[in-house]
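Enquirer: Here's the letter readout for the chains.
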Amino acid sequence: MRYSGWQVLAQGITGNRGWRPAWRDTAPKPAYDIVIIGGGGHGLATAHYLAKRHGLTNVAVLEKGYLGGGNVGRNTTIVRANYGLPGNSEFYSHSLKLWEGLEQDLNYNVMHSQRGVINLFHSDGQRDAAARRGNMMIAQGDDAILLDRDGCREILPYLDYDQTRFPIYGGLYHPRGGTARHDAVAWGFARAADRRGVDLIQNCEVTGIDIENGRVTGVQTTRGSIRARKVGIVVAGRSSQVAAMAGMRLPIESHILQAFVTEGLKPVIDHVVTYGMGHFYISQSDKGGLVFGGDLDFYASYAARGNLPMAEHVVEAAMTLMPVIGQARMLRSWGGIMDMSPDGSPIIDKTHVEGLYLNCGWCYGGFKAVPGSGDCFAHLIATGQPHPAATRYRLDRFATGHGLMDEEGTGSQHNLH
Amino acid sequence: MLIPCPQCGPRDIREFTCKGHETYMHRPSPAAPPEAWDDHLHNRDNPAGPTREMWHHVAGCGAWLVVERNTVTHAVTGAMLAREVAR
Amino acid sequence: MRVSSTWQGESAASVTFTFNGQRVTGRAGDTVASALLANDIRLVGRSFKYHRPRGILTAGSEEPNALVTVGTGPDRMPNVRATVQEIYQGLEVVSQNHIGPLHRDLMAVNDVLHPFLGAGFYYKTFMWPRSFWERVYEPLIRRAAGLGALSGEAGGATSEKAYAFCDVLVIGAGITGIMAALTAAEAGADVILAEDAMVAGGQTGPQDGQIGDLAAGDWSQTRLDQLRAIPNVRVMLRTAVTGVYDDGSFAALERTGLHLPPGPDLPRETFWRIRAKQAVLATGALERPIAFPGNDRPGIMMTSAIATYAERFGVVPGRRIAVFATCDHAHRTIAALARQQGFSKLTVIDPRPDAVALGDYRLIAGAEVIGTRGRLGLREITIRKGGTEQRLEADCLGLSGGWNPSVHLTCHLGARPVWDEARAMFLPAPGAVPGLHPAGACNGTLSVAGCLREGQAAALTALRAMGRKPRAPALPDASDDPGRGRTLWAVAAKGRAWLDFANDVTTKDVKQAAQEGFTSVEHMKRYTTQGMAPDQGKSSNIGALAILADATGRTISTTGTTTFRPPFVPVTLKAMGAGAEGKGFAPERLTTSHAATLARGAPMIEAGLWYRPSYFPAKGETTWQQSCDREVRMVRATVGVVDVSTLGKIEIMGQDAGAFLDFLYTNTFSTLPVGRARYGLMLREDGHVMDDGTSARLAPEHFVMTTTTAAAGQVMAHMEFTAQALRPDLDVRFLSVTEQWAQFSVAGPLSRELMNSVLDDPIDDTAFPFMGCGAVKVHGIPARLFRISFSGERAYEIAVPARYGDALYRDLVARAEVLGGGAYGMEALNVLRLEKGFITHAEIHGRVTAFDIGMQGMLSGKKDFIGKAAAGRPGLLDPARERLVGLKPVDPDGVLTAGARLFKPEDPPEARNDQGYVTSVGQSPNLGHMIALAFLRHGPEREGHEIMMIDALRGIRTKVEVVPPVFFDREGGRARG
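Chains as they are written, first to last, in my numbering: chain A, 20 to 436; chain B, 283 to 369; chain C, 6 to 982.
Among these hints, one or two may not hold up.
[Unchecked claim] Partial pick of chain B residues on the chain A-facing surface, computed with a CB cut under 10 Å:
#1 Met283
#2 Ile295
#3 Cys300
#4 His303
#5 Tyr306
#6 Trp319
#7 Asn325
#8 Pro329
#9 Glu335
#10 Thr353
Calculated directly from the structure, the hints in this document are not laboratory data. Ideal placement from N, C-alpha and C gives every residue a C-beta, glycine not left out.
Work the whole structure out from these sequences, hints included.
Expert: Written out as structure tokens, the structure is:
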């Protein structure tokens with residue numbers, strides 16, 4: 020069933036009784052060409068691009084819970100391509116281009132909205148770093164504008180320019196950045212992959228990876244064993260556990276990132292705004308809630324919930340930067356489990372097991388990466404070669420020191436990115 | 283969370299920073315092979331369950347602690363002075 | 006209709022406020038909701054999506070419908086529950102989310118279009134043409150969405166944050182909580198009793214008979230008075246516990262002053278961080294609505310709310326009241342109400358054929374409400390009994406579908422509630438929160454005696470867990486009959502039946518979600534937005550999942566629930582972030598020279614938490630560049646003074662102090678003679694540069710280290726880690742003394758002359774050669790002198806105890822001025838160091854190795870040090886890395902900018918051709934052109950080459966020559982003297 024305004028009208032007139040399931044509820048077959056472990060955004064996107072770009076449809080996506088139940092369903096929905104280092108720069112540029120046609124590609128309104136991202140800076144040094152990044156973005160073919168204080172005041176008139184602790188010097192404006200409706204991204208990829216014949220199997224937890232003579236042969240699951248010629252692991256939040264099934268010990272530590280939403284409000288914040296002197300970023304959803312987040316809770320955790328000190332820090336940053344939102348009320352907070360890597364950048368690579376591929380380490384930047392990650396991971400699985408936009412996401416870079424992508428320059432400590 | 287600092291008693295996490303797994307205090311010898319250093323700096327068991335971590339009582343007595351903690355429940359089951367663990 | 010004008014037994018003053026500009030008179034103690042009902046105002050707001058007329062559903066913070074905007078100016082608060090906000094004289098209340106007047110909302114057209122606006126319709130359309138999403142569709146949606154509006158003003162009355170500590174936190178002051186608090190208090194425990202409402206007592210009322218000698222409704226107040234008299238008890242009314250965190254940590258929001266006009270003496274709200282050893286959860290239960298067509302009209306409310314308005318506020322919310330009830334509890338309530346003034350024509354509709362009237366009201370048993378009428382408020386209901394339908398005039402309809410225990414807080418650590426099939430309730434999972442003991446209605450216990458019993462038992466458990474041995478006093482006599490009930494989630498009838506009133510989610514939406522494959526409860530929630538409104542589905546979530554379970558042929562137990570997450574009630578950002586507005590966000594660190602610096606008119610800039618002078622404008626100077634140029638020339642020609650106290654200063658002592666520094670730094674310090682300082686480079690264990698600075702040896706076992714301003718804290722923590730965790734074998738102690746010493750750099754050819762004018766004993770180059778250090782006296786004060794230079798000139802840093810800093814700075818600057826010099830600021834300091842190619846954190850930004858900055862030679866091969874192994878990784882020694890160089894414009898007028906990228910002149914400026922970037926630039930008044938430090942692929946190998954610097958952001962392209970990073974006095978003779 021193709022979605023369109025006419026379809027909505029036609030169904031509405033006939034009592035909305037004709038809507039079909041967005042995807043089939045399938046039981047696993049005994050064997051597939053490719054099994055993707057993980058039915059989150061990245062896994063579903065991988066399935067979609069395997070089918071669409073490579074014609075590979077004898078594919079199953081195995082999800083231990085419900086589709087899109089991981090970080091794709093609990094984030095601050097920001098989409099951007101404003102990185103400064105080779106590797107990330109070309110990858111996120113590629114991903115953003117995929118976002119820009121995603122609704123039409125998926126026939127699903129993921130509400131990708133290019134409302135612009137502004138990274139504020141608060142010192143000459145921060146301005147220089149922002150300029151370095153902005154110039155890299157332009158060199159990559161993306162868009163960046165360096166705003167001074169007055170330029171910020173013009174488009175962000177509601178910030179505190181007079182009393183705030185760390186004055187606003189300006190901002191790096193990325194007009195093509197923005198937000199998307201996070202759940203819809205998972206559902207859109209799921210539905211598109213399903214329509215091309217991919218089996219999406221929920222409530223199917225992988226309990227083992229079968230390896231014979233250095234080659235992957237399938238997986239063990241709570242719904243039986245499934246043979247596969249190739250297996251892709253894309254399970255942010257559980258990467259270490261699943262990789263351990265194949266004898267791997269990853270450069271990953273799991274941490275909690277909290278995010279928050281307020282009650283619905285009439286429009287007040289048009290862009291995505293990030294603070295440069297504390298961890299705080301904010302946008303307003305189409306429903307009217309202010310969606311904002313901050314930094315990690317700093318300790319390793321799988322609990323998918325945060326603690327108060329970081330939540331307070333985030334709100335305090337909001338109050339010094341934009342006290343006009345002081346009367347808004349926090350409605351809900353949540354925590355996602357982040358795969359923190361030693362340089363803050365992800366891994367899309369082969370493994371020591373033939374036919375076993377790994378996609379992990381997205382830290383807290385995974386949402387905007389969904390289409391790009393799916394495309395690049397599909398390319399790697401289908402062709403055995405890295406996608407040109409993801410050649411630097413190697414697993415061995417930490418051992419060799421070649422091509423580290425430590426955007427924040429905080430070093431190899433996992434929780435500092 | 284409350285961290286039971288051996289010197290100060292149970293104190294709020296606001297007083298602490300966390301560096302990461304206890305691995306950090308078991309530094310390979312200078313002559314160790316590159317793989318040992320890669321493991322030391324980057325690779326982690328990353329357990330979903332009990333773990334041992336380096337915490338710094340930075341806004342307290344300044345002690346570095348090895349804290350036993352569960353990454354699923356957040357239950358803290360013990361803390362020792364890193365200085366004593368290292369000996 | 007008001008039938009009694011007393012408040013808590015006393016006659017209450019009348020209070021006038023406005024609702025949508027209309028004057029409304031209530032009485033002291035009223036909420037906005039009770040006052041509106043007393044004045045027969047039923048229409049209070051509009052629903053989110055269909056803009057349906059909505060009234061007041063509840064009498065508490067769970068209210069989904071009656072959201073209003075209160076207050077004016079910066080104190081205006083949107084989305085306030087009319088059921089919680091207390092009135093005060095002059096309060097301004099307006100309804101929200103409508104275009105045009107409330108009773109004629111233009112957006113109500115959405116209600117007509119409802120067939121096309123069902124669950125998830127927006128995912129299926131608005132996709133063509135592509136550019137229309139941002140330009141047309143989304144702006145329309147955004148304007149229509151949202152509820153209340155912020156004022157757009159900052160400031161206003163303030164809120165506060167506070168900490169509290171107790172042995173036992175009791176959450177909820179209904180009979181359960183009061184019993185728990187009494188038990189804990191009598192055992193001598195420190196108790197905090199927190200209650201969301203403005204009064205204690207919860208749902209207990211005349212329907213509950215007697216507790217001991219007292220009427221059940223009076224028992225709570227009597228006991229609360231008793232509790233208040235106990236010194237170890239703190240009763241906090243108007244305080245909602247909003248979140249449960251680890252190890253007995255709770256968040257709570259107190260409406261400290263929201264019930265009074267904004268004023269200077271009382272915070273509006275207080276955000277509490279409560280640390281409790283044990284806690285009792287006594288949050289009660291919320292009455293469950295029933296879904297049937299048209300169940301959302303103004304006038305339809307929970308039966309418990311009718312009782313609350315009657316008992317607490319003396320308000321009868323209708324003239325002809327009907328109640329649709331499925332449980333005995335509602336019958337008891339109605340029977341009690343029927344005895345009161347104003348409740349004469351009561352009708353109860355009960356689907357149970359065997360229901361029995363318990364008092365003086367009309368009972369229609371075996372019947373259901375299947376429809377309602379009344380455009381802006383309920384006028385009539387349709388009742389179906391057997392095969393026949395009848396209409397009944399009613400302006401108020403109570404709903405009683407049973408009770409949902411308020412288990413929310415038990416879920417905040419991740420536990421899921423457990424479905425109890427027999428009681429048809431979700432109950433707290435056992436041990437859901439360590440140390441939190443659920444009791445009473447939130448634990449599924451509905452009888453009065455059961456609540457008292459559980460409240461006491463929970464307190465006793467808590468006390469025992471703390472190692473106390475409490476006695477259990479006898480409980481008062483009370484009814485032990487919870488009553489029976491039947492579960493009825495939705496009435497089978499044609500038409501839209503609401504589940505989530507706030508977000509306009511109907512049973513049809515849930516069924517459609519299931520039909521479209523959104524069968525997981527999380528999928529259903531997210532697809533329909535069920536439970537995502539301000540009330541977070543407190544009344545509706547369980548009904549919705551029951552409908553989902555039915556639609557998917559599963560049980561409620563296997564369908565499961567979504568997660569309850571903090572906060573339990575929404576928390577005002579102003580309260581949670583109280584104190585952080587303006588400068589309050591972070592401490593301000595001031596040097597001892599701050600006042601003198603301000604007096605000289607220097608603009609201050611932030612350096613981390615510190616403030617430092619940017620430049621010192623002299624007479625006639627109109628730009629910072631003029632001042633900077635003058636200050637640079639001044640230092641090169643005569644002498645300048647700058648406060649360098651912000652640099653980290655760490656005293657290091659012990660017989661292994663030298664060995665410790667050898668392990669921290671890449672180079673060797675143990676061989677440093679006493680009386681000498683040395684530049685040191687510090688790596689992170691991952692082989693990248695962490696920081697640099699000088700360390701001086703004052704005595705064989707005494708060093709003093711300086712760090713950069715930016716990395717002072719990081720270095721100190723790193724040293725603590727190294728000493729405690731890696732090298733406890735070393736005998737070394739150290740302490741940060743950054744704030745104990747004021748330190749000034751005196752730089753320039755006349756610096757020794759200036760120093761000698763303040764030192765008690767003059768120095769010469771033999772006693773203080775370049776990189777010499779030692780103890781001196783300045784004006785009789787013991788001080789430390791270091792001959793180190795960050796400017797390339799002969800320079801000294803003089804350190805005195807901080808209390809002398811102000812005086813010494815003023816003295817040094819005055820004396821410098823006599824010599825033709827003066828104070829200089831950060832701009833000049835930056836140019837001076839750039840001319841010398843000295844690096845700062847602009848260069849050592851965290852991704853840089855010693856190899857990159859040309860300091861590979863400082864990595865000692867003779868010893869182990871932190872970062873040594875990782876710095877040897879091949880990728881960190883690749884000649885193609887971006888490495889430090891100097892740049893100068895080929896055309897002397899060429900402009901250099903920090904952040905620009907570097908390309909080969911022949912290459913298109915695309916990312917794949919990127920060769921590096923500029924980190925620092927300055928105009929060198931000594932050289933007459935701009936200079937820059939940059940990182941360039943193969944850097945030093947390309948000295949003499951021409952490169953294109955491109956700053957696309959600022960539209961600048963400058964051809965530059967690659968030069969060594971030292972621009973001035975390459976041999977260093979000026980500093981050595």
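Enquirer: Would you mind marking each hint as holding or not holding in the structure?
Expert: Here is what the structure says about each hint:
With a cut of 10 Å, the hint placing Met283(B) at the interface with chain A holds, because the nearest CB-to-CB distance is about 6 Å. For the restraint placing Ile295(B) at the interface with chain A, the shortest Cβ-Cβ distance is roughly 6 Å, inside the 10 Å limit, so the hint holds. Given the 10 Å rule on beta carbons, the hint for Cys300(B) holds: about 4 Å separates it from the nearest Cβ of chain A. A cut of 10 Å between beta carbons decides the hint on His303(B): the least distance to chain A is about 7 Å, and the hint holds.
Because the smallest distance between the Cβ of Tyr306(B) and any Cβ of chain A comes to about 8 Å, under 10 Å, the interface hint for this residue holds. Because the closest C-beta pair between Trp319(B) and chain A is about 8 Å apart, less than 10 Å, the hint holds. Because the beta carbon of Asn325(B) sits about 5 Å from the nearest beta carbon in chain A, less than 10 Å, this interface hint is met. Below 10 Å, beta-carbon pairs count as interface contacts, and Pro329(B) has one with chain A at about 8 Å; its hint therefore holds.
Annotation: Glu335(B) was flagged as interfacial toward chain A, and the flag holds, the nearest CB pair being 7 Å apart, inside 10 Å. Evaluation of the Thr353(B) hint against chain A yields a held restraint, the C-beta minimum of about 5 Å falling below 10 Å.
Every hint, counting from the list given before, is met by this structure.
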